[in-house]
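J.: Protein sequence lines correspond, in order, to chains A and B.
Count along the first sequence from 1, add 456, and you get the number used in the working numbering.
Count along the second sequence from 1, add 37, and you get the number used in the working numbering.
If you are wondering where the hints come from, they were derived from the structure by calculation, not from laboratory data.
It cannot be assumed that every hint is accurate.
[Unchecked claim] With a Cα cut of at most 27 Å, we get these calculated DSS-like pairs of lysine-lysine: (1) B:Lys118 <-> B:Lys76; (2) A:Lys683 <-> B:Lys78; (3) A:Lys745 <-> A:Lys947; (4) A:Lys846 <-> A:Lys947; (5) A:Lys683 <-> A:Lys950; (6) B:Lys118 <-> A:Lys683; (7) A:Lys846 <-> A:Lys885; (8) A:Lys846 <-> B:Lys78; (9) A:Lys749 <-> A:Lys950; (10) B:Lys118 <-> A:Lys745; (11) A:Lys683 <-> A:Lys947; (12) B:Lys118 <-> A:Lys846; (13) B:Lys76 <-> A:Lys683; (14) A:Lys885 <-> B:Lys76; (15) A:Lys749 <-> A:Lys947; (16) B:Lys78 <-> B:Lys118; (17) B:Lys76 <-> A:Lys846; (18) A:Lys885 <-> A:Lys683.
Residues per chain, in single letters:
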Amino acid sequence: MDAFLLGASQVLSLTTLLMMLLGAIAGIIAAAIPGFTVTMAIVLTLPLTFTMDPLQGISVMLSVYVGGYTGGLISAALLGIPGTPSSVATTFDAFPMSRNGEPGRALSLGVWASFFGTIISTAVLIVAAPPLAIFAVRLGPWEYFSLIVFALTIVASLVGHSLQRGLIAALIGLVIATIGTDPIMGRPRFDMGLELLAAGLPFLVVLIGIFAISQLASEVEDSGAIKTGERLVTSEIDFRTWSVMREVLMRPVNLIRSSLIGVGIGALPGAGGSIANLVAYDQARRSSKTPEKFGTGIADGVVASEAGNSATAGGGLIPLIALGIPGSAVDAILMASLMVHGISVGPRLILDNADLVYGMFLAMAVSSLMMLAVCLVSMRVFLRVAEVPKWAVVPLVLVCCVVGSFALNNRVTDLYLLAAVGLLGYALKALDYPLAPLVLGVILGPIAETNLRRALMTDNDWTLFLTRPISLLLLVAAVLSVGWAIWTVIKSRKHATNLKDSS
Amino acid sequence: MLVHGSLILLLIGSIIGSLTRIPAKAYGQFASDVVAWGKAKRLVFVVFAGLVLYVAIMPVIGYTFSTFLFLVTLLVTLAPKTRTAFLMAVALALIFSFGLNWLFAEVFNVFLPRGN
Chain A
457 MDAFLLGASQ
467 VLSLTTLLMM
477 LLGAIAGIIA
487 AAIPGFTVTM
497 AIVLTLPLTF
507 TMDPLQGISV
517 MLSVYVGGYT
527 GGLISAALLG
537 IPGTPSSVAT
547 TFDAFPMSRN
557 GEPGRALSLG
567 VWASFFGTII
577 STAVLIVAAP
587 PLAIFAVRLG
597 PWEYFSLIVF
607 ALTIVASLVG
617 HSLQRGLIAA
627 LIGLVIATIG
637 TDPIMGRPRF
647 DMGLELLAAG
657 LPFLVVLIGI
667 FAISQLASEV
677 EDSGAIKTGE
687 RLVTSEIDFR
697 TWSVMREVLM
707 RPVNLIRSSL
717 IGVGIGALPG
727 AGGSIANLVA
737 YDQARRSSKT
747 PEKFGTGIAD
757 GVVASEAGNS
767 ATAGGGLIPL
777 IALGIPGSAV
787 DAILMASLMV
797 HGISVGPRLI
807 LDNADLVYGM
817 FLAMAVSSLM
827 MLAVCLVSMR
837 VFLRVAEVPK
847 WAVVPLVLVC
857 CVVGSFALNN
867 RVTDLYLLAA
877 VGLLGYALKA
887 LDYPLAPLVL
897 GVILGPIAET
907 NLRRALMTDN
917 DWTLFLTRPI
927 SLLLLVAAVL
937 SVGWAIWTVI
947 KSRKHATNLK
957 DSS
Chain B
38 MLVHGSLILL
48 LIGSIIGSLT
58 RIPAKAYGQF
68 ASDVVAWGKA
78 KRLVFVVFAG
88 LVLYVAIMPV
98 IGYTFSTFLF
108 LVTLLVTLAP
118 KTRTAFLMAV
128 ALALIFSFGL
138 NWLFAEVFNV
148 FLPRGN
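Same shape as in the complex, but just chain A:
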């Protein structure tokens, strides 16, 4: 109890709260700009925390983290560009919703869903951290590979109306992921002798190129409208905060399931928000009574994706606090911040520094409240962005994307790759190929390959994928998921022929 009060007193001091507020604002803005990511925002905050007390520093970084997972939805809803990799699935329903005239509702849904997602994940963190962590660590490369196979079946639900094009897009994504260096041995492959490709295509460059540049380019397709100063969203902007909150709470099953998916995936070291939002979206779609409405601007989609990605914040802390293993890149930086202050992070963290750990829990809860308050208050400011005419938005966001891609690795060659990938992305979009499977392939390809090879290097026994219980469970889930997708396609074809027969 003393430890809790000690931690609480440090977190709830005025200076800390003030800096957490600034951190939340910084996180939201950083995530809202396509090209800037949560990871970059946290990396930039790290040096600023060196002069603070450890708990203060961690609290500020946690508020940037929480704000960052929410900010991505702003550009996802208003621009159709995921601001961070963890907002990809949010784009699917938030953007159509804004274009249908309800941008305020899309933003409010996302913010409330993020808030509840973070709260649920903090609750799980407090209650179930040690057993979950021990479970997460027992998973080996076999389970990771089967998880990725399961995640790849999500492609089936992202293909829209043409399975063939969706599969081609996903395979293109996997091929893009193979360019560069081999993840295990570091040998170069598929680089065509070009030094440009020697390091591979960085994931962020591909994401921005495929989604952002193609989206921006397609905004200028209607030259007549642009030259007369068309705005991004040409309708009344109105958001009803409390009714949206009730809307979110009226979907408790979706909310809780998506948050638990987010916590689970966040707890796995190496998997994070970018996967969680897609899996949560897919699961919500499968359990919904109206799966065909997903992708047209349905509230369930936004809620699922945002709750899922925000819950990875709490989930990522689980292995960090219980075992000293970071759940994602951001958690690794949090660990670095603690280590800079001389705190050894490991299984004994909660025993030796109980006040720190309780303080972190409290900081998570406070950050989510701050994020909610900041977003609700400044929603009108964000919606002003939608009133900027397209002729100004497109070039400026292009510049931001270019800056973001450069700042990632400080390489000018990344910019050449960005332009090339952007061209490819626009071409695919214009030819009606779904882009989401491509990004999924690029995200999941390296993880799948690394784990498959690691599994086979550890034990050259293919049956282990089926005899290890969790791996078997995941592979069965993958087969069921593909079966469900095929069954829906057959059902809709039968429905279509029934309609044709009866008319």
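Model the placement of chain B on the given structure of chain A, informed by the hints.
T.: Leaving out everything else, chain B in the frame of chain A:
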């Protein structure tokens, strides 16, 4: 190999499928269709041409000037031809080239390309 092989198979299948489905007279109209499409989407070409030039020039003349040129050209091309729009375009170009460069260098210690 699995990935590349299945991609090649799917692509060949899709090419054959679309070739069989194109109506015969469409081949004749192809050239004029392409020209019409190009004219309709000309701003997209402008944007991409601008982007490619921008990215190619940046290592040579540095972030600030290349961004300024890129923004001025693109903003003025896309904007309505009024005086206020033009002035705003120049102002925005200045803010986002010099301003962003300053922000990143001074506040974040991230140095954007300087050119040679």
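J.: Now look at each hint and say whether the structure bears it out.
T.: Tested hints:
1. B:Lys118 <-> B:Lys76: The given pair, whose Cα atoms are some 20 Å apart, holds under the 27 Å limit.
2. A:Lys683 <-> B:Lys78: Satisfied, since the Cα-Cα distance of roughly 13 Å is no more than 27 Å.
3. A:Lys745 <-> A:Lys947: Between Lys745 (chain A) and Lys947 (chain A) the Cα gap is close to 14 Å, so the pair holds against 27 Å.
4. A:Lys846 <-> A:Lys947: violated, 41 Å
5. A:Lys683 <-> A:Lys950: The given pair, whose Cα atoms are some 46 Å apart, is violated under the 27 Å limit.
6. B:Lys118 <-> A:Lys683: At roughly 8 Å apart (the allowed maximum being 27 Å), Lys683 (chain A) and Lys118 (chain B) satisfy the hint.
7. A:Lys846 <-> A:Lys885: Within the cut-off at roughly 19 Å; holds.
8. A:Lys846 <-> B:Lys78: Holds - the C-alpha atoms of Lys78 (chain B) and Lys846 (chain A) are around 16 Å apart, at most 27 Å.
9. A:Lys749 <-> A:Lys950: holds, 18 Å
10. B:Lys118 <-> A:Lys745: violated, 50 Å
11. A:Lys683 <-> A:Lys947: violated, 46 Å
12. B:Lys118 <-> A:Lys846: holds, 14 Å
13. B:Lys76 <-> A:Lys683: The given pair, whose Cα atoms are some 15 Å apart, holds under the 27 Å limit.
14. A:Lys885 <-> B:Lys76: holds, 18 Å
15. A:Lys749 <-> A:Lys947: Holds, because 16 Å separates the two Cα atoms, which is no more than 27 Å.
16. B:Lys78 <-> B:Lys118: Cα-Cα ~19 Å, so holds.
17. B:Lys76 <-> A:Lys846: holds, 20 Å
18. A:Lys885 <-> A:Lys683: The hint holds at about 23 Å.
Of the numbered hints listed earlier, those contradicted by the structure are 4, 5, 10, 11.
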